[in-house]
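S.K.: The listed protein sequences correspond, in order, to chains A and B.
Take the first sequence: its position 26, counting from 1, is numbered 26 in this note's numbering, and each next residue is one higher.
Take the second sequence: its position 34, counting from 1, is numbered 158 in this note's numbering, and each next residue is one higher.
Bear in mind the hints are in silico, worked out from the structure with no lab data behind them.
Warning: the hint list may mix true and false statements.
[Said to hold, decoys possible] Covered stretches of chain A, as calculated for chain B (at least 3 residues, CB under 8 Å):
(1) 91-99
(2) 105-112
[As the list claims (entries may be wrong)] Mimicking SDA-like on lysine to any residue, the simulated pairs with C-alpha atoms at most 20 Å apart in a straight line are:
(3) A:K70 to B:E257
(4) A:K115 to B:L162
(5) B:K225 to B:T186
(6) A:K70 to B:D135
(7) B:K132 to A:A98
(8) B:K132 to A:D94
(9) B:K225 to A:K70
(10) A:K57 to A:R75
(11) A:K115 to B:S157
(12) A:K115 to B:E163
(13) B:K132 to B:R252
(14) B:K211 to B:G230
(15) A:K70 to B:E260
[Said to hold, decoys possible] From chain A, some residues computed to sit far from chain B (all C-beta separations above 10 Å):
(16) R28
(17) R46
(18) E47
(19) R64
Note that CB positions come from ideal geometry on N, CA and C, so glycine has one too.
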Amino acid sequence: MVVSGETKRDDEEAADLLFGALADPTRRDIFRRAHGGRFSVSALAREYPISVAAVQKHVAVLERAELVSKHRVGRESIVRAETEALVRAHAALDHLEAVWRDRVERMDQILETDKGDSRCPSPQ
Amino acid sequence: MPVTAVNKDFDALTMTITAELHAGADRVWELWSDPRQLERWWGPPSHPATFVDHDLSPGGRTTYFMAGPEGEKFHGRWRIEEIEPPKLLRFADDDTDDEGKPNDGGPAEMTVTIAEVDGTTTMSIESRFPDRESLERAIEMRMEEGMTEALGQIDGLLAGAEVN
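Can you build the whole structure from these sequences, using the hints too?
M.R.: In structure tokens:
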């Protein structure tokens, strides 16, 4: 990460969003639940004496602070902790790297094999 | 080891792998343009790939499937976006169901660049995902396909190289 004056301002803004998001007990509770698993917005709304719209607003504040992410599965809006999403993205890119390392190895092998094999000359 | 660099950007959701290959650019290009050669490296030995259509022209389609040891099939397709033999190939790669309909998640945008200097070719392959869901979905498919059981395959390849 590049640290510059601009990044520092961004960091402070992020901190404001973060602490603002966690200053509310309902939002803290939503964040805690999202850590334990995935919850739909409607399932969360059943846990609190507030409307679905109010839950959605809380989730939006948590989203802006990058504490949770929301994504659609069928008709449901699923909320989950952003830390988990980050870990999963890292793991996924690591797997992708393994897939392509294997593919490149096989490509290299084909080039080497064909070079030394008169039955399968490369054109030109 | 042909791989010289791997760059992963977790914000942009890209993974770029760069390799140095001891062959000319035209020869490396054939690994992509000739479906029979593509079949030799796209899928792991346990899940060999068959390329059914392979139309490498802008807007052209490639369709392929990989067959697992239990007879299961995994389908995928490319849509060619840009091609400049033997230097550049850009395509969207996504997984499809048995009927060729795309599975959930957007396609990966693939950019292959090939550059030769004095008989050594540098090939770089970038995979870019539109969002995390698409990336995770693609990896779930790869895992089902057994494509991430990476280790140990190289030895098998080396042992089997003579019969190719």
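S.K.: Does K115 (chain A) pair with S157 (chain B) here, judged by a C-alpha cut-off of 20 Å?
M.R.: Distance of about 18 Å is within 20 Å: holds.
S.K.: Would you check the hint for K70 (chain A) and E260 (chain B), treating anything up to 20 Å between C-alpha atoms as holding?
M.R.: This hinted pair holds, its Cα atoms lying about 15 Å apart.
S.K.: Cut-off 8 Å, C-beta pairs, minimum 3 residues; does the coverage of the segment 91-99 of chain A by chain B stand?
M.R.: It holds: at least three residues are needed, and the segment 91-99 of chain A offers 9 whose Cβ sits within less than 8 Å of chain B.
S.K.: Does the structure keep K132 (chain B) and D94 (chain A) at a Cα separation of 20 Å or less?
M.R.: OK: K132 (chain B) and D94 (chain A) at ~8 Å, within 20 Å.
S.K.: Sort out whether D135 (chain B) lies within 20 Å of K70 (chain A), counting only the CA atoms.
M.R.: holds, 17 Å
S.K.: Run the distance test for K115 (chain A) versus E163 (chain B): straight-line Cα separation, threshold 20 Å.
M.R.: Between K115 (chain A) and E163 (chain B) the Cα gap is close to 18 Å, so the pair holds against 20 Å.
S.K.: Just to be careful, I want the Cα atoms of K70 (chain A) and E257 (chain B) compared with a cutoff of 20 Å; is the pair within it?
M.R.: holds, 11 Å
S.K.: Is the Cα-Cα distance between K132 (chain B) and R252 (chain B) 20 Å or less?
M.R.: holds, 10 Å
S.K.: E47 (chain A) clear of chain B by more than 10 Å, beta carbon to beta carbon?
M.R.: With a cut-off of 10 Å, E47 (chain A) remains clear of chain B, as the shortest Cβ separation is near 25 Å.
S.K.: Minimum Cβ separation between R28 (chain A) and chain B greater than 10 Å?
M.R.: holds, 24 Å
S.K.: Find the nearest Cβ of chain B to the Cβ of R46 (chain A) and say whether that gap is larger than 10 Å.
M.R.: At roughly 25 Å from the nearest Cβ of chain B, R46 (chain A) sits farther out than 10 Å, so the non-interface label holds.
S.K.: For the pair we were handed, K225 (chain B) and K70 (chain A), check the Cα-Cα distance against 20 Å.
M.R.: Answer violated: K225 (chain B) to K70 (chain A) is near 26 Å, above 20 Å.
The structure does not agree with the numbered hints 9 and 14 stated previously, though it agrees with the rest.
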